[in-house]
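**Student:** Starting from the structure of chain A, add chain B where the hints point.
There are 2 protein chains.
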Amino acid sequence: MKISIQILFITAFLLIYQKTTAQDGYKLWLRYDQITNPELLDEFQATIGTYTVSGTSPTHQIIRNELELALPQLLGKPISAADDGSILITKNHPKFISDLKDLGEDGYLIKKVDDQIIVTSDSDIGLLYGTFGLLRHLQTQQSIKTIDIVSQPKIQRRILNHWDNLDRTSERGYAGFSIWDWHKLPLYIDQRYLDYARANASIGINGAVLTNVNANALILTPSYLEKVKALADAFRPYGIKVYLTARFSAPIEIGGLETADPLNDEVINWWNEKVEEVYNYIPDFGGFLVKANSEGQPGPQNYGRSHAEGANMLAKALQPFNGIVMWRAFVYSNEEPEDRAKQAYNEFMPLDGKFEENVVIQVKNGAIDFQPREPFHPLFGAMKQTPLAMEFQITQEYLGQATQLVYLAPMYKEVLDSDTYAKGEGSEVSKTIDGTLYNHDVSAIAGVANIGTDLNWTGHPFAQANWYTFGRLAWDHSLSSESIADEWIQMTWSQQKAELETIKELMMTSWPASVNYMTPLGLHHLMGTGHHYGPAPWVDNLPRADWNPVYYHKATADGIGFDRTRTGSDAVDQYFPAVSNVFNDPNKCPEKYLLWFHHLSWDYEMKSGNTLWNEIALRYQKGIDQVRNMQAKWNSLEDAIDPKRHTQVKMLLYIQEQEAIWWKDACLLYFQQFSDRAIPDTVEPPEKTLTYYKSLRFPYAPGH
Amino acid sequence: MKISIQILFITAFLLIYQKTTAQDGYKLWLRYDQITNPELLDEFQATIGTYTVSGTSPTHQIIRNELELALPQLLGKPISAADDGSILITKNHPKFISDLKDLGEDGYLIKKVDDQIIVTSDSDIGLLYGTFGLLRHLQTQQSIKTIDIVSQPKIQRRILNHWDNLDRTSERGYAGFSIWDWHKLPLYIDQRYLDYARANASIGINGAVLTNVNANALILTPSYLEKVKALADAFRPYGIKVYLTARFSAPIEIGGLETADPLNDEVINWWNEKVEEVYNYIPDFGGFLVKANSEGQPGPQNYGRSHAEGANMLAKALQPFNGIVMWRAFVYSNEEPEDRAKQAYNEFMPLDGKFEENVVIQVKNGAIDFQPREPFHPLFGAMKQTPLAMEFQITQEYLGQATQLVYLAPMYKEVLDSDTYAKGEGSEVSKTIDGTLYNHDVSAIAGVANIGTDLNWTGHPFAQANWYTFGRLAWDHSLSSESIADEWIQMTWSQQKAELETIKELMMTSWPASVNYMTPLGLHHLMGTGHHYGPAPWVDNLPRADWNPVYYHKATADGIGFDRTRTGSDAVDQYFPAVSNVFNDPNKCPEKYLLWFHHLSWDYEMKSGNTLWNEIALRYQKGIDQVRNMQAKWNSLEDAIDPKRHTQVKMLLYIQEQEAIWWKDACLLYFQQFSDRAIPDTVEPPEKTLTYYKSLRFPYAPGH
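Protein sequences, first through last, are from chains A and B.
When you line the first sequence up against my numbering, it's residues 2 to 705, in that order.
When you line the second sequence up against my numbering, it's residues 2 to 705, in that order.
Here chain A stands alone, though its shape is the one from the complex (with noise of 0.2 Å):
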């Protein structure tokens, strides 16, 4: 009787031990919270007792350790290390060395063998990514009784892009700082580092671009290759390879050549021998990824020299070594008079068969910049000779930043999904990037980080979801939205079912809501200047026309929307005939793209009946609309959150819906000086006058 007490009270501290020890986010989504699924909690205790990883690489001892943590938390229940564990990780299994043959490198096989659960592949790192898919299937609450899971990425090198700088800010980061302290580098690794490597190979990213497009070739220099060395060797045993951007002038500022011209030998030269003093201190170094040519980084045209030229020039530096060059497709010229949408593929597709083999051209999803929503970047299916990688953007530039919760994965789907009619139907983005629509060898995706010096890595606890996201995406891109958000949710918030559908109900309305209150109906670029922080339709002062948001909405008196139709700029005609044909006609152009094609009168009818006016004003509300319904759904999950995490959700929700309605009250207000149109009676009137939406600062808005 006295010892059954004790138990309840032991039973009663452990309750009171869990809710004081307050989440604060930095375990990301490897929380490994114990199973509350009674059934399930059985059958993973009756079927786990013991692991055997069998190995003792670096890459062995981490997977031990993640055991070590993870099985004892998620099974409550200590969990040993075993001759002949009911857990074997093991690489090349003699049982299936036949299946492990097509799997590659990566790929991963987890089978239930009589009472045993066998993880096997082909590599140490291939058992790190099955022992993290093992995990993710306790935590995600699937049973074991007959796993059987075989899996490989679908894409060869999936890389985080951190646009950091050497003195630790971050161009369009928005969660505090560059994670990169270079200046304690290379002897101090910092913890950030390691739990960095893990969390990204939890979900199967293997790279890492460390620092900015906009790039500063003092990291090419021997005193910080030491230090990209320092962290280069902590990631190895996690599976990430570093990559560097190559700044164009390196040669002149760093290597005190007269000329950066890449047909010029001692250039040529500078190159080889500085790729080689890379390689090195990293043997396994990935490669460069550039900004050439862009928003005032330098590049082959300073010299006269194409693209292909300036790509080459490094790609032939690299090829002794297995490295690559990632040529960025973002280009467009301040001279040039071509709707801005056209340039990158006016400049690439001649190119197309110039490349040397190991450059990839990275490509954003769409042809402007990251807005909320892009109909896909036309050179997708086009480029037929080179293979091209995606560029997401994880970081929510013009995506309500850290303060908004806008989860990517519907938006990196509706791209992926999108079809370029490239080799008729079926040619989908994402076969064009995958390597499988022309048979390309090197396969690349990049997404650029969200990741920063806040306690939760991202800033908003949501942003997590969207590297998350972009892992899995990268890893699979036919997983749907709603099952990658079913198993962030699951590991990172809550198990119960409720729970779990309510938050991703709220998930799923966010990045929809995010375009109806910011830019709805194919509206684009209207941000405030350089931050890119809230409304500023009005900006038409800056020095390139195409940076200001009156260039993109082209709002008159006789409509709004930029004419890309055959009778304007004719972007639509870069893509195939069957997309073109749909952009072009205004009756056939989905909606969402609307005015990103055409330029229609104010009195356009819509679909709903709505003239354009109207249907504008009320996709602006209808974005707050939804934001509302948001915060009523968080708000209906206090009890079942934890209480730091509900209340951090809460205020930025909060700010969110404020922030949704400055954008609809600055839009309309703005937009209203055009359309001499009233605001319908279903809208609610603007809080403020537009001189006052117009007379906002902020000086120090992060990130840029």
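Source of the hints: derived by calculation from the structure; they are not laboratory data.
Even glycine gets a Cβ: it sits at the ideal position worked out from N, Cα and C.
You may find that some hints are simply not true.
Some chain B residues near chain A, calculated using beta-carbon distances under 10 Å [as the list claims (entries may be wrong)]: (1) Y27; (2) R169; (3) S224; (4) Q402; (5) G453; (6) L456; (7) Y534; (8) Q649; (9) L653; (10) Y655; (11) Q659; (12) W663; (13) P703.
**Tutor:** Chain B only, in chain A's frame:
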């Protein structure tokens, strides 16, 4: 039987769980690990079962939360609230009304009465301090059988100075960036703000200047005042008042006036209205900290007015609201040929008696600028009619920044315990700032914070000790360095006596070591330009003479040191005769200050019998040896400390050793050019050449 096994299992599980929840340092000294001493644990468990907090204010709730968090962990058993708990926390307990009378607002009593531990005070904040006092008593393993504590602070205003900019960079910050996320304020209250306030409350810090002394007037505009108000509201229940830095030219920059002349009516009026506005937002606003006519900051002298005229204008505006002005004495002039060490005294002494009653002159501990070791500032004791505040630097600008372990308590204590002889023997510096020597009503002490966005708050895990020390000495400057270390180590690292002693020895060695390997024997300001990272005694080309290291060491063929004797700059005579007569005589002057006050030949004979040159060289070597001793001590604790933090400190101590060697080599090679003498055999020969050390550049060193 089955049940017993279950208990064993649960216990084993708990041990594993504890092991895996590795320490990242975020919890600071508030870890509340279970008491390991079995007798004490028995005693605590037998005495404490419940607690009572009478009251419902936010501060009472904070007290409740702290007890709920701390007690179950410390005692390893459930503790609950009750009507008449074994701990009773209540204001003005009737039994102790008379004892409380003299304790002031912040003081508290902790008394055992029968079976109950009573914590009582005159105020809610006093109860909070008392609660933390009781928890510290438990954490530091002291019996509570007859607990009887009476405590009250010796200094009223115990203030952190954050040199944080609105863009979140932090001047002289080495732990990442500012924790004030201005962009997300006022609507988002970061968990860090509350954890910061709680940590401060636990050591009695009751004020925070949020902004850099190199000030930005924008902080006084409405959009920022809203943000400041949000922080003030968050801090208030923790007893922390908010202060701001006032940019003297704010009336011009944000007020639209043409002058900031403190005698101009419009300016006076502007500040009066601005102060009223500030108090409308923050009714308990603490006041302004001002750096004026110092290092380019604007001030009253721009208009031919004195520091007193400038300070008094602000003071009068603050008087109706009981705010204060903290006016910094850190002034030195470009155009002034006088020894920089003398300038603050010369500037401020004539103004003694001319300041309003709510002006405090904030004086750095020494006359130059937070050097590794400085004699106390001659203004202490000299200004009699004006309250002086001590300004210590907690952030290690000149003391190894975030890569060196330097426990600063002995440095603070050396200054606080120095006797000024202002009113004869026993006129210690501490009495000149706590108000007792000259019976001032206002007393204040400031510490330039070392807090940033790093996971562990302070970058170096041991830098937490300096934050802790500042708070504890601000409360009671009679505490010894050893006793503060005792407390902090037990709460942060280990309760085991042997480990505690090892860590304490290591800490107590660290400051003398750093003085030895950086600036032995009174040398000062030999650090790299701008960032102050590493040695650069050769620098002689900065635009202001007194920014150059050569200004300070004055090494020539004939010797080294700054002659501040009566035949030199006569800085010694700013001290009272009992002090100046000692400092003036090289035979009496403590060798630790020798080259601060004397220029001596390389062959000058030291007390050791060594020549000065040899002694300098041996001191540098001794510093390195001391660091190696610290390393050995730390390595001996490998099994006693959680592996993450042990590894972190190990890496940092290695960096410290390398930096100590760098200091020795760079300084000795440089000074050797003048001494033209051999480095003694017992000193390790330099690893590289002077040319190499002079070539080092750190363009992105943090904090400047």
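**Student:** Among the hints numbered above, which are violated by the structure, and what are their numbers in rising order?
**Tutor:** 12
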